[in-house]
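Visitor: The chain contents come next:
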Amino acid sequence: MADQALQDTTKPDGPALTRAEIRRRRRYENPWFNPKLFWGAGILLGIVFVGLVGRVLWDPDLVFTGAGVLRLPPLGFENLRGQAGVLNHPLGTDGAGRDMLALLIIGAPNSLYVGVLASLIGMSLGIVLGFSAGFIGGRTDDVIRVLSDVMITIPPLLILVVFQAAFGDVNLTMMALLIAAFVWQSPTRLIRAQVLSMREAGYVQMARLSGASTGHIMFREMLPNLVPYLFGSFIANVTTAIVTAVGLEVLGLGPQRIPTLGRTIYEAINSGALIQNLWWWWGLPTALLALMFIGLLLINLGLDEVSNPRLRRL
Amino acid sequence: MTVLEIKNLSIDFPIAKGVVHAVSDFTLNVPQGRRIGFIGESGSGKTTTALAAMRMLAAPGRIAEGEIHLMSLGQTNIIKLTDDEMRRVRLRKISYIPQGAMNSLNPVMRVENQIWDGIIAHEGAVSMAELRRRSKAVLESVGLADHVGRLYPHELSGGMKQRVCIAIGVCLQPDLIIADEPTSALDVITQRHVMQTLRKVQETIGAGLILIGHDMGLMAQSVDDLAVMKLGELVEFGPVRQVLEAPKHPYTRQLISSVPVVGGQSFLDNPPAAAVADTTPARTVPLLEFEGVAKTYGSNTALHTLSFKLDDGVPKIISIVGQSGSGKSTMGSLMLGFSAPSNGRVLFQGRDINRLSAAERMAFRKDVQAVFQDPYACFNPFYRVDHALAYPFKRFGLARSPAHTREEMEKACRTVGLNPALVLRRYPHQLSGGQRQRLIVARALMLSPKLLIADEPVSMVDASLRATILKNIYDLKDKQGISILYITHDLATAYHVSDYVMVLYRGHVVEAGPPKAVIGDPQHDYTRLLIDSIPWPDLDRNWGSADDARADLDRLDPVAANPIFRGAVAGFELATA
Amino acid sequence: MARIPAAYLVNRLITLVLTVLIASTLIWIIPRLSPVDPADIMLGRMSAAGGTVADSEAILATLQERFGLNDPLWAQYLLYLRNVLLFDFGLSTASFPTPVSVLIANALPWTIGLMLISVVITFIIGNVLGALMVWDHSPKLVRVAIPAAMVFTSIPPILSGLLLIWLFAATLQWFPIAGSYGLLVEPGWSWEFVGSVIHHGFLPALSIVVVTFGFWALGMRGLMITVQGEDYTKLAEAKGLRPRYILYRYMIRNAILPQITAFALKVGLLIAGQVLVERIFAYNGMGKLLYDAILNQDFPVIQGVSYVIILMTALSVFLVDLIYPFVDPRIRHGRA
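Chains as they are written, first to last, in the working numbering: chain D, 1 to 314; chain L, 1001 to 1577; chain B, 2001 to 2336.
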């Protein structure tokens, strides 16, 4: 009521707000201008940037076994054997002498790659299935709805464990494909629900009156309005995919020959790094993953504010 | 005795661009037992003022200045009360009946619990038997049976829910009741019942009443004094008779004149002639034809078998009037080919519209256009508003060049009274409802269809703009030669604009004929009830008591499907078989 | 009055059955798509392991018979479905000839116990905090401190578990680093045993709680903001109800409903997360069983554990679905 009162007629006057307040209110009015989105994207881009630039500035071959002395601590620390960190391995080395910095430079983009690829494929499946269910309706809708209800219950980790136990080693892309088979359900459900409600929207009826084809209605009228939801669902799926991938790696599955953050943690735990206080070995990949998840969460919170104006509080 | 005194009240809403003065220097007294109407359009500050008396302003609104006194609390200024003291004032001294009847009750609590919790919050421990006795009594006072108390809100109709809200509002016999557009979501028949119920219980407990609304007719039928608000200011206040018969402020005059009245002065410059003499030779193929059309949804019949023929000689406006659920929107959707009839055929220029080839379908789409009820939903929020005008123009191959499209858009805008430079490149949310609805009319104008389906085109637009938009639509017939099917619940406008009226009730045509006969002198029980229920700005008219309204509603149930035909117009044939 | 509409019940039952059917089919079909026949490997391993076990020949012969490995594929599949329904997953290759079902039966109570504590506590804490973040009358501290803590809640429990082990078990040594009860403690209903179980279970449970409550809190916050704007909440305030009463009976009561639905959708991921936590804490539950099986390539155990965990998830969802009509009268008093 009051909101309407403000927009319609009464003229505002008199600047009576502090600068901080004005900034907050402007953020309220333009949701994309949002510190959560900004910081979240910043963190992720930072990780990608380090991954790309790191390959140039740092020797990626250091990820191989025996690249350096075993279990060296990061620069400025000392391990239990009294060895001090060296400049050649500023973040220390793991139990096989692999350089931690190189591991992070190679491993972090790998995790993001799996997450983004799996989520992209899941998303595309979700768009196709969600639009089909919402538009065609009837039997198609029933099948897609029940199938996504069923598949959303099954935790991907367990099926993937069975798969990898039977098939053995996989590469990153294969792992992303496998995970993608389990992350189409939530975008499907989301898009289906939105399409069903948008079908009755005035502007979709107007488009039909304008002789628009189904394709035009789906992609030109509906899809643009789904963007914040799709984006949010995409980010949530990236998170799920990375969690699943890391889970597999920590169980000793996943790619065996490519350095990944999860596999590094797996080896650290298995070698008793926790008890021997080799904190950098498991701690650095853990921290990097944590940072990645925080970045993803921030983006998601920011997107929530875009698609649900009520979350934008003054 | 005065129950509420508002002195020099000002309310501010700080926003990004500065401070909005939602209400400024508002002074008013509410005497005991008296009904005061607050009337004004959205944004006039009427609701904000009332909420201030409840101390329930939505953030970031705040009372900048002024005092509010509740007499039963002595000289205490309400604004100075602590939160807990204010809590105790609510419901016990001032109660509030909200606008959205549909959503005002807690969906997971039984109705009676929602009456009891109010009693307990103010009186502490009350025995179960006492609670039951009181909820029963208060439900009865609003005409609801005892067992309704044990239902959940989703099991009630809109009118019942709003009466439950009234029951809650009066259960502690407050000094003042604030009713915020309590009937805006209800149809006119239910509106009369709910409104009269509210008046009755308010009289019984002798409370003051503030009725917030935008409908001059409803005010005339319901209140003693009228406060007219515009842009946060009280522009006129006085006894309702004085305000209606001798309005001082031009805005009040505008509000009064914008209410169409059956039989009154037409708001059109060139109203339809009484009987259209069709001079063109009758064509063999009608423009639109319903051939034994019926529509069912599962076991529900939305529309009973109906046939009509509308020829394409002299353009006509055919009105289809009825309440929600009468089947009138189903008819609209059938004509547009949005849904297929369960029985019979819908023919446009002799072709079944549900069996068109792709090319024929395009032609059909171009020839049959629509204006829908909700101007807010009709624009895709992703695009600028000109998308809605330019897209169909190009799609139907009418555009010769981008410049041509632009020219036509601008011409259409000017025809409906919009400045193209100010509206076309805006996003939908930057325009008012009235502007958007006029753009939709402009869109129809650009496409120059043969038939226009106007489904409640003005029910969501501010009252002062309704007449203007209806004039725009009427001009489509008058100047562009477009035949129009006008679907509405508003009999007064149907009376003025149409050549022929069909009254629909529960999927049956109950009365049909020229508007002067059907609406001016109704014969069917249902049509009569509809017309009796319309609130008019006529103080001497008896709107009936709550019991009358109730009795009328009960009488309706066995309405027979025997339609009464009240004469015909050339070029339109109707049959119910 | 309070009964579940039949159509609703049937619908949920179909979902349950389909979930279990699809999951068990996937578990059966995946190894058969593998270039190496796991049945051969399984038998090979068993005969190798069986070298030291008396009567292994006879056991293997019965096995072959029971799994119908010489039958056509469809017959094997039907036989498998029957076996799965009877929780018969064959024998472990690593600890031959222990039946897989026995291993699972030993591990399952630990997992269910940990899940009940961690998942349920998390749900409650998260929702209460989420509600308080929105409520106008919450202490300022809650409304400021909690949102800041939210940032860490995106981290999966396995990572928080690592940190907790390192801090409280390896470094401070307040809690044991592995196991679900002390090695020297005799299992039974003694205070010593119960104390040991709590001592061992505390960190795994904590590592799940600290990072998952935020998921619920965030969801609840969004829902509470919506409910706060609803007309019924406004009317409740206009009725002069006590703020605390409005919070419980009007706001939380309505906002919790979609959270219960979300719980059903999320429970699979939660259980999977817990399996990983069990693995890093070497907690004697399904997670450790699964991890050991992967390490030893003990395929029957992997299959069995995966199936049982998925079944557990499906049953939890079904249970939530059964409870739901009792908290939402709109389902109970049938409305389309």
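Any given hint might turn out to be false.
[Unchecked claim] Straight line, CA to CA, 25 Å or less: simulated DSS-like cross-link-like pairs of lysine-lysine: (1) Lys2266/B - Lys1080/L; (2) Lys1479/L - Lys1450/L; (3) Lys1366/L - Lys1007/L; (4) Lys2140/B - Lys36/D; (5) Lys36/D - Lys1017/L; (6) Lys1366/L - Lys1248/L; (7) Lys1309/L - Lys1394/L.
[Unchecked claim] Which chain D residues stay away from chain L? Per the calculated CB distances, all over 10 Å, these: (8) Gly68; (9) Tyr203; (10) Leu209; (11) Ser210; (12) Asn277.
Simulated from the structure, these hints should not be mistaken for laboratory data.
Yeah, the Cβ is synthetic: ideal placement off N, Cα and C, and Gly gets one too.
Visitor: Give a verdict on every hint.
Guide: Hint check:
With a C-alpha separation of about 48 Å, the suggested pairing of Lys2266/B with Lys1080/L is violated against the 25 Å cut-off. With a C-alpha separation of about 13 Å, the suggested pairing of Lys1479/L with Lys1450/L holds against the 25 Å cut-off. The hinted pair formed by Lys1366/L and Lys1007/L fails the criterion: a straight-line CA distance of about 58 Å is larger than 25 Å. For the suggested pair Lys2140/B and Lys36/D, the alpha carbons sit about 22 Å apart, so the restraint of at most 25 Å is met.
Among the hinted pairs, Lys36/D with Lys1017/L is consistent with the structure: their alpha-carbon atoms are about 23 Å apart, no more than 25 Å. At most 25 Å may separate the alpha-carbon atoms for a hinted pair to count; Lys1366/L and Lys1248/L exceed this at roughly 48 Å. For a cut-off of 25 Å, the pair hint linking Lys1309/L to Lys1394/L is broken: about 31 Å separates their Cα positions. Distance check for Gly68/D against chain L: the nearest CB is about 55 Å away, which clears 10 Å, and the non-interface claim stands.
Distance to chain L contradicts Tyr203/D as a non-interface residue, since its nearest Cβ pair spans about 4 Å, not more than 10 Å. Not every CB of chain L is more than 10 Å from the CB of Leu209/D (nearest about 6 Å), against its label as outside the interface. Not every CB of chain L lies more than 10 Å from the CB of Ser210/D, the least distance being 3 Å, so the non-interface label is violated. At the 10 Å boundary, the C-beta of Asn277/D stays outside the reach of chain L, the nearest C-beta of that chain being 52 Å off.
Of the numbered hints stated above, those contradicted by the structure are hints 1, 3, 6, 7, 9, 10 and 11, listed in ascending order.
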